[in-house]
Amino acid sequence: MIEQLPVEFLRLLGVVLAAVVAAFAALLPACVGRDRVRSVLADRELLRERARRIAPYVGGFALVLAVNKGLLRRLEAFSFEYGYRATTAIYAVEGDLVAAIQDAIPRAAVYYFGPIYVVGYVVLLSFPLVAYAFARNLRPLKRLIAAYAVNYAFAIACYAGVVAYGPRSYRDVPGADQSAASVEPLLLDWFRGVTRLTARVNVETNVFPSLHTALSVTVLLAAVFTHEEFPRWTPVAAFLTASIVVATMFLGIHWATDVVAGTALAAGSVALANASSTERPHTVRARARGERSRRRSCHHDVSHR
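For the sequence shown, the working numbering gives the first residue as 11, with consecutive numbering after it.
Hints in this document: simulated from the structure, not taken from any laboratory.
Listed next, with one range per pair, are the computed distances between beta-carbon atoms:
1) 54 / 111: 48 to 54 Å
2) 20 / 186: 34 to 40 Å
3) 65 / 242: 26 to 32 Å
4) 29 / 111: 21 to 27 Å
5) 29 / 52: 25 to 31 Å
6) 103 / 48: 49 to 55 Å
7) 52 / 111: 45 to 51 Å
8) 70 / 248: 26 to 32 Å
9) 146 / 181: 48 to 54 Å
10) 118 / 189: 25 to 31 Å
Just so you know, even glycine gets a beta-carbon here, dropped at the ideal spot from N, CA and C.
Given these sequences and hints, build the entire structure.
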């Protein structure tokens, strides 16, 4: 498999990783704080305890991802065989709204929305996974990972049951209104390498709901819940989320209907995750402090015998 990976893929991966590392270097001290990071990293017992407690959530999410990617082509075949053809119905609901959005935004904005759709999305989804590892307790991290898993699980079901093409491909769909305003495939035209690579991990008909929107809004809702502890992250998450949502439509990838459905999916996923993830405030840190206190007490007793 390795020899089949094009140089283009490795270059893009390198660019994305470099951008993510640079973003983390700026966001960690600004949004989490150097002192908090140092104190948690210095406490190995606390790190082990947190790793043990979060492992089931990470394992569950990894399983959902494995099912999603492992059954990608089979789900595509199933949806074409049994799924509902929704593209023309979506256009009947919203018409040329996406085309109007493209017309309202200067084409030069593709140099912003293209990278934000790829790199900004990776930063938005990955940074809180790291930041919440330094929270007072693990509930924010548990809730976020659980919400990611719920988003993907529901998206798998939707993609299996609904066949829908994005607005850039609408005119090629049987039964499409040929008088519809044209939507340019801006990501394909300006960042062709990106679309070739996304085709390896996604299917063109997986547009309803917009998973980019669902996961981005999920992060924003999580940021709102943790605003008291990480106040500087909330506006960053809001800015990136808004940019990504606009990008999905401006680039011709998703309908506004997909975005609305993705937003609803995010709200439902966060609600379910919030109900399922529990963590008593300060539990982990309190246990670690208690253990250190017991060790000091034992040492004190021995030294005075």
